[in-house]
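So the protein lines, in turn, are chains A and B.
Okay, so the first sequence: first residue is 971 according to this note's numbering, each after it adds one.
Okay, so the second sequence: first residue is 1221 according to this note's numbering, each after it adds one.
None of these hints come from the bench; they were simulated from the model.
Don't take every hint at face value.
Covered by chain A, per the in silico footprint, the following chain B stretches (three or more residues, Cβ under 8 angstroms) [to be verified]:
no.	stretch
1	1259–1270
2	1301–1315
3	1325–1334
C-beta: ideal position from N, C-alpha, C; glycine also.
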Amino acid sequence: NAGVTQTPKFRVLKTGQSMTLLCAQDMNHEYMYWYRQDPGMGLRLIHYSVGEGTTAKGEVPDGYNVSRLKKQNFLLGLESAAPSQTSVYFCASSYQTGVRSNQPQHFGDGTRLSIL
Amino acid sequence: QQQVKQSPQSLIVQKGGISIINCAYENTAFDYFPWYQQFPGKGPALLIAIRPDVSEKKEGRFTISFNKSAKQFSLHIMDSQPGDSATYFCASALVGSSNTGKLIFGQGTTLQVKP
């Protein structure tokens, strides 16, 4: 099993360009998440999904869109890239959480995105 | 705003020493507190987690201490090894009927264990 796979691993964009980051998981997880990691700020949730066809906003959703057309894939889109979106982006997935417990989130190895 | 504050930002420990990382949370409704470990170039991975109904949880050399009244929890790494050198993130979450598994992460602590 590959776990959580993120594509691409590195990308350099110019301001105003658009791109899509792909996250694929082969663990049949219900839940999927997109985070951005910036120095000194930890991981901040951008968008998440609790099932195929559903998405919701996280802590820092502005400038990003997502889609979950298939259970195993979660796409993160930047419509018009800005230098402030330079970051490392992580995708994570987990089994459905319970009323009294959380399931571990399994992370990919990240996409390093630079916007000039 | 729900926040989790983590300290110190960086930590250097000698091999065999004890590493201690602290976190403080604001929302008293949080009831799940995990620690994630991240090696360079990799994504974070769950290390250990605790629920607020216990004050301590130990797994091998890693221990979480939890103080509900102070809204604080900490990670202790006993007999620290160079292989423990990584970035550690604490997190908090609200568990319940509408649980979406969302985590609020601390700012991270970079640990270096010197041989």
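Quick rundown of the hints versus the structure:
For a cut-off of 8 angstroms, the count of residues in the stretch 1259–1270 of chain B with a CB near a CB of chain A stands at 7, and the three-residue condition holds. Only residues whose beta carbon comes within less than 8 angstroms of a beta carbon in chain A count, and the stretch 1301–1315 of chain B has 3; three or more means the coverage holds. For the stretch 1325–1334 of chain B, the assignment as covered by chain A holds, since 4 residues bring a beta-carbon within under 8 angstroms of that chain's beta-carbons and 3 suffice.
Comparing the model with each numbered hint stated earlier shows that all of them hold.
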